[in-house]
Amino acid sequence: MTAFRFTIDGVEIDAREGQTIMEAADEAGIYIPRLCDHEGLRHQGSCRVCTVKAGGRSVSACTQPAAAGQEVENETPHLGKLRRDLVEMLFHEGNHLCPICEASGNCELQAMAYRLDMTAPTKFPYLEPCRALDASHPDIALDRNRCISCGRCIRASQDVDGKGVFGYVGRGIHRHVGLSAEDLAGTDAKLADFAISPEVCPVGCIIRKRVGFATPIGEREFDKGLIGHEIEERRHE
Amino acid sequence: MVADAPNGNDITRTGFDPGAEWFAALHEEPNGIDSLTLQTHTSETAAVAEICGGFDNDPHRMLDILRQVQERYCWISPQAMRVIADLTGLTPIAVEGVASFYSFLSLSLRGRVTIRLCDDIIDRFSGLGAITEAFETGLGIKVGGTSANGAFSLEFTPCIGLCDQAPAAMVGDVVLTALTPQKASRIAEALKAGQSPEDLVSQRFGDLSPHERAERMVENNIRHAGAVLLGPVAADAGLRNGLDLSPPQIIDTVEASGLRGCGGAGFTTGRKWRMAATEQAERRFVICNADEGEPGTFKDRVLLTERPHLLIEGMTIAARAVGASQGIVYLRGEYVYLRDHIEAVLADRRARGLLGKAILGADGFDFDIRLQMGAGAYICGEEGALISSCEGLPGEPKTRPPYPVTRGYLGFPTVVNNAETFCHAARILDRGARWFSAMGCQGSHGTKLFSVSGDCLNPGIYELPYGQTVQELLEMAGAEDAAAVLVGGPSGTMIGRDTFHRRLCFDDLATGGAVVVFSHRRNILEIVEYYMSFFVHESCGYCTPCRVGNVFLQKAIGKFRDGKANPGDIDYLRDLSSTIIETSRCGLGMTSPNPILSTLENFPLVYSAMVKPTRDRIRDTFDIQSAIDGARKLARRRSHIFDRDFTE
Numbered sequence: 001m002t003a004f005r006f007t008i009d010g011v012e013i014d015a016r017e018g019q020t021i022m023e024a025a026d027e028a029g030i031y032i033p034r035l036c037d038h039e040g041l042r043h044q045g046s047c048r049v050c051t052v053k054a055g056g057r058s059v060s061a062c063t064q065p066a067a068a069g070q071e072v073e074n075e076t077p078h079l080g081k082l083r084r085d086l087v088e089m090l091f092h093e094g095n096h097l098c099p100i101c102e103a104s105g106n107c108e109l110q111a112m113a114y115r116l117d118m119t120a121p122t123k124f125p126y127l128e129p130c131r132a133l134d135a136s137h138p139d140i141a142l143d144r145n146r147c148i149s150c151g152r153c154i155r156a157s158q159d160v161d162g163k164g165v166f167g168y169v170g171r172g173i174h175r176h177v178g179l180s181a182e183d184l185a186g187t188d189a190k191l192a193d194f195a196i197s198p199e200v201c202p203v204g205c206i207i208r209k210r211v212g213f214a215t216p217i218g219e220r221e222f223d224k225g226l227i228g229h230e231i232e233e234r235r236h237e
Numbered sequence: 001m002v003a004d005a006p007n008g009n010d011i012t013r014t015g016f017d018p019g020a021e022w023f024a025a026l027h028e029e030p031n032g033i034d035s036l037t038l039q040t041h042t043s044e045t046a047a048v049a050e051i052c053g054g055f056d057n058d059p060h061r062m063l064d065i066l067r068q069v070q071e072r073y074c075w076i077s078p079q080a081m082r083v084i085a086d087l088t089g090l091t092p093i094a095v096e097g098v099a100s101f102y103s104f105l106s107l108s109l110r111g112r113v114t115i116r117l118c119d120d121i122i123d124r125f126s127g128l129g130a131i132t133e134a135f136e137t138g139l140g141i142k143v144g145g146t147s148a149n150g151a152f153s154l155e156f157t158p159c160i161g162l163c164d165q166a167p168a169a170m171v172g173d174v175v176l177t178a179l180t181p182q183k184a185s186r187i188a189e190a191l192k193a194g195q196s197p198e199d200l201v202s203q204r205f206g207d208l209s210p211h212e213r214a215e216r217m218v219e220n221n222i223r224h225a226g227a228v229l230l231g232p233v234a235a236d237a238g239l240r241n242g243l244d245l246s247p248p249q250i251i252d253t254v255e256a257s258g259l260r261g262c263g264g265a266g267f268t269t270g271r272k273w274r275m276a277a278t279e280q281a282e283r284r285f286v287i288c289n290a291d292e293g294e295p296g297t298f299k300d301r302v303l304l305t306e307r308p309h310l311l312i313e314g315m316t317i318a319a320r321a322v323g324a325s326q327g328i329v330y331l332r333g334e335y336v337y338l339r340d341h342i343e344a345v346l347a348d349r350r351a352r353g354l355l356g357k358a359i360l361g362a363d364g365f366d367f368d369i370r371l372q373m374g375a376g377a378y379i380c381g382e383e384g385a386l387i388s389s390c391e392g393l394p395g396e397p398k399t400r401p402p403y404p405v406t407r408g409y410l411g412f413p414t415v416v417n418n419a420e421t422f423c424h425a426a427r428i429l430d431r432g433a434r435w436f437s438a439m440g441c442q443g444s445h446g447t448k449l450f451s452v453s454g455d456c457l458n459p460g461i462y463e464l465p466y467g468q469t470v471q472e473l474l475e476m477a478g479a480e481d482a483a484a485v486l487v488g489g490p491s492g493t494m495i496g497r498d499t500f501h502r503r504l505c506f507d508d509l510a511t512g513g514a515v516v517v518f519s520h521r522r523n524i525l526e527i528v529e530y531y532m533s534f535f536v537h538e539s540c541g542y543c544t545p546c547r548v549g550n551v552f553l554q555k556a557i558g559k560f561r562d563g564k565a566n567p568g569d570i571d572y573l574r575d576l577s578s579t580i581i582e583t584s585r586c587g588l589g590m591t592s593p594n595p596i597l598s599t600l601e602n603f604p605l606v607y608s609a610m611v612k613p614t615r616d617r618i619r620d621t622f623d624i625q626s627a628i629d630g631a632r633k634l635a636r637r638r639s640h641i642f643d644r645d646f647t648e
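From first to last, the protein sequence lines are chains Y and U. Each residue of the first sequence is one higher than the one before, counting from 1 in this note's numbering. Each residue of the second sequence is one higher than the one before, counting from 1 in this note's numbering.
Please keep in mind that the hints were generated in silico from the structure rather than gathered at the bench. Just to be clear, a hint being listed does not mean it is correct.
Derived pair list, reagent style DSS-like, types lysine-lysine, alpha-carbon separation capped at 25 Å [stated by the list, open to error]:
1) U:Lys555 - Y:Lys123
2) U:Lys559 - Y:Lys123
3) U:Lys192 - Y:Lys81
4) Y:Lys123 - U:Lys612
5) Y:Lys123 - U:Lys142
Covered by chain Y, according to a simulated footprint, are these stretches of chain U (three or more residues, beta-carbon under 8 Å) [what the hints assert, rightly or not]:
6) 89-95
7) 551-564
8) 577-587
Computed, partial: chain Y to chain U, Cβ under 7 Å [as the list claims (entries may be wrong)]:
9) Ala28
10) Gly55
11) Ala67
12) Leu97
13) Asp117
14) Met118
15) Thr119
16) Pro121
17) Thr122
18) Tyr126
19) Gly164
20) Arg171
No residue lacks a Cβ here, since even glycine has one placed at the ideal position from N, Cα and C.
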C-alpha cells in the first residue's frame with residue numbers, strides 16, 4: 001500500500017492509499033468532529049459535521065479519500081461555525097431536552113454542542129416534531145423525538161448484525177428511521193445486537209431498559225473530557 | 001371546554017410515520033380475516049409474484065416492480081411489500097424505503113385514476129386556484145383526497161414540464177394542458193361518467209400512433225429552430241460516420257467540438273466520455289438523463305417528442321465511443337405519456353439494425369437500451385441519484401468520489417448525459433466538430449434549447465446559439481413587460497431589468513435551459529417562497545443542511561411575507577444560505593438557496609420593504625396560543641386571558 005503525507009491545519013500526517021481524510025486523521029491523533037460516522041461502520045457522510053476544506057473545497061472528511069500533498073483545513077473559525085450550524089439544525093429538528101434525557105452526559109450531540117461552543121441562544125426555529133414512543137420491546141425502548149437520522153443503527157443492524165431491523169423511510173424532512181415491523185417488539189432486535197449497544201446510538205433514542213441512570217450524571221463519558229479527547233490523546237502518546 | 005381532546009395515540013401519530021397504517025394491516029391477526037379477504041390476499045400474492053418474476057426478481061428493478069404494483073392495486077400494500085422483499089431477497093424495510101421515497105408510489109390506497117394538478121408557480125399564476133376548485137367540486141373530493149368509491153384521487157404535483165401551456169395536469173397516464181375552469185369541470189364530469197383518461201384525449205386513442213397521441217396531448221411550441229437540433233436533421237448520418245471512426249477518434253471529435261453538458265453543470269462531454277472509456281472495467285453503461293425536473297424546463301419533452309431517433313443515435317455513438325453494450329433512458333414519471341412513443345422508437349431501431357447485435361452490420365458493435373421510468377422525484381435529475389434510482393434504490397445521490405465515470409451504475413463506469421447533449425453529439429458526428437464549434441461563443445459552443453415560459457406572448461422552445469443576451473431572447477418571446485427573469489430555474493439566477501444585457505452562456509448566465517419570465521405584477525417573495533417549498537418537498541433528506549436548513553429558509557421567507565421579519569433576518573437568510581451551500585452533499589443543497597440569494601442581490605428593496613424592527617425584543621413569530629395548544633387540550637382548560645369568548 002502506498003504511503004504518503006498530507007497536512008491538516010498545517011500539521012503533516014501520514015496516510016495510506018485508500019484511507020479517508022478522517023481515518024488518517026484519527027490515526028494521527030487529530031480529531032475531526034463527526035456524528036453519523038462510527039468506527040466499524042460504513043461511512044455515510046450524511047450529518048456533514050465532519051465538513052473540512054480540502055484544497056479549498058468543502059468535503060466530508062469521513063468519505064473523502066486522503067490525497068498526497070493535500071492541504072486540509074479542520075479547526076478554523078469558519079468551519080467551527082458551519083459545524084455549529086449543523087449541530088444546531090439537528091437540535092432544532094428533533095426534541096432535545098438535555099435535562100430530562102437519560103443520555104445526558106453520554107450524548108454525542110450534546111457533547112458536540114459543548115465542543116463547538118454552542119453556548120449562545122440558537123437562532124433557528126424549533127420544528128417540534130411529535131413522534132411516537134415505542135416501548136413495546138421487553139428490553140429496549142425507542143424515543144425517536146431524539147433521533148438525529150445518523151443511521152448508525154441502520155448500518156450496524158444491516159452490516160454487523162445481518163438483520164435489517166432499521167431502515168430509512170420517507171423523503172426530505174419526513175425521512176426517518178423506520179422499523180421492519182409495526183413496533184420494535186415485532187422485529188428480531190435483541191439486546192445483544194451491535195445496533196442496540198450503547199456506543200451505536202449517539203443520542204438518547206435507543207434506550208436500554210432498566211439500566212438508566214446506573215451511572216450518575218457527573219460521572220458519565222463526556223463529563224470526563226471533551227468528545228474526541230481519546231483520539232486527541234493519541235497524538236501526545 | 002375543549003370537547004375533543006385527542007387521545008394519546010393521535011398525538012403520537014401526528015405528522016410522522018406514514019407507514020403506520022400498513023404496518024397495522026400487516027400485523028392484523030389472521031383470524032380476523034374472512035375467506036374473501038384471504039382469497040384476495042392469495043391472488044394479490046400471486047399477481048405481485050408474477051410482476052416480480054417479470055423482472056427476474058431482480059432487486060435492481062425495484063422501481064419497475066413497485067410502479068407496476070402501484071398501477072395494478074393503486075397502492076403498495078404491506079402484503080405486496082412482504083412478497084416483493086421475499087422474492088428479491090431484500091428486507092421489508094428496504095422495500096418500504098423505496099416505496100416511501102417516490103411521490104407516485106403510495107403506501108395508502110389511492111383512487112383508480114389519480115389526477116395530479118401541476119402546482120408550479122406558473123400554473124398558480126395561470127389560474128390554478130379556479131381549476132382546483134372546479135376539480136374539487138366536480139369530483140367531490142379535496143386535494144389530497146380519494147373519492148369514497150375508490151375511483152379518483154386528487155393531488156398537487158410540482159412542475160410537470162408543461163409551463164408553456166399551463167395550467168396543466170396529469171390524469172392517469174395522460175396529460176391535459178391549457179386548462180380552464182370550464183374544461184376542468186367537463187373533465188371531472190366525463191371521468192365520473194366512466195370515461196377513461198385516454199378518452200379525454202381522443203375517442204379513438206387506441207387507433208393513434210404513440211407520436212400522434214403525444215402531439216394530440218401536448219403542443220411542441222417550437223418558436224425558433226436552430227441549425228443543430230430542431231432544423232432539418234439527416235437520419236443516423238452521425239452514427240454512420242461514427243462507424244468509420246475509432247472510439248478514440250469519436251471522443252476526439254466530440255471534445256474538439258467544445259460540447260458541454262446541457263443539463264446545467266456544463267462538464268465537457270468529450271472529457272467525460274474519455275474518462276469512462278479509459279477506466280479498466282468489464283462493462284460500461286450509457287445513461288440518458290431525461291428526468292427534466294427543473295421547474296420551467298421542458299426542452300427535453302420536445303426533443304423526446306420530435307427528435308427521439310437523434311437522441312438514441314447520440315447514445316449509440318456514445319456507447320461505441322466508451323465501449324458500452326447497455327444503455328438506459330431515464331424518463332421522468334411525469335413524462336409517462338411519452339413512454340410508448342420512446343418504446344416504439346427503440347423497437348423500430350432494433351428492427352432496423354440500429355440497436356441490438358452488430359449495429360449496422362459492424363461486428364462486435366452491440367448496444368441496446370432499456371427505458372427506466374421515474375416515479376416523481378426531482379432529485380433523480382442529479383446523476384448519482386439517477387443511477388441509484390436505476391438500481392432500484394431510493395433516489396439518493398451517491399458519495400463522490402468515486403464519480404459515475406469510474407464507478408456508476410452497478411459499480412461500472414457510466415456516462416450520464418442530458419438528452420440534449422446526446423442529440424448534439426449525434427449532430428457533431430454528422431456535421432463535424434468545426435461546424436459545431438463555430439456557433440456560439442468562446443467557451444460555450446453550439447446552440448442551446450431555451451424553454452421560455454411565464455409572462456410572455458410566445459412561450460415555448462427557442463434554439464439559439466450560446467451568447468445571446470437575455471434581452472434578445474425576451475424580445476423574441478414577446479416579453480415586453482418582463483420585470484424579473486429566472487434563468488436556469490430556481491437553482492439558477494433571478495435577474496432584474498438592469499441586467500437583461502447579460503449573456504446566456506457558461507461564463508455568464510449558465511443554464512439548463514429554463515427561462516421563466518415574471519412581469520411587474522408578480523410578487524417576488526411569493527415566487528421565492530414557492531421555490532423554497534419546492535426544494536423542501538424535493539430534498540431527499542440524506543444530509544442535514546439540505547433536509548433541515550431548507551425548511552428554516554422556507555420559514556424565514558414566510559416571516560418576510562407575513563411582515564414579521566426584522567432587519568437582522570436579512571443577514572440570517574444570507575448566513576443560513578451559505579451554510580447550506582457549503583455543507584450540502586449534492587447539487588440540490590448547493591443551489592437551493594439561490595432563489596433567496598439572487599433576489600436579495602437583485603431585488604434588495606423587496607426584502608427591506610418588508611422588515612421592521614422588533615418591539616421590546618419580543619419575538620414576533622412566537623405565538624403563545626399555538627405553543628400551549630397541546631397542553632391546553634390535554635388539560636381540558638382554556639385561557640381566561642387569550643380566549644376572549646371564554647365562558648365557564
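Query raised in the report: Which earlier hints can't be squared with this structure?
Result: 3, 5, 9, 10, 11, 12, 13, 14, 15, 16, 17, 18
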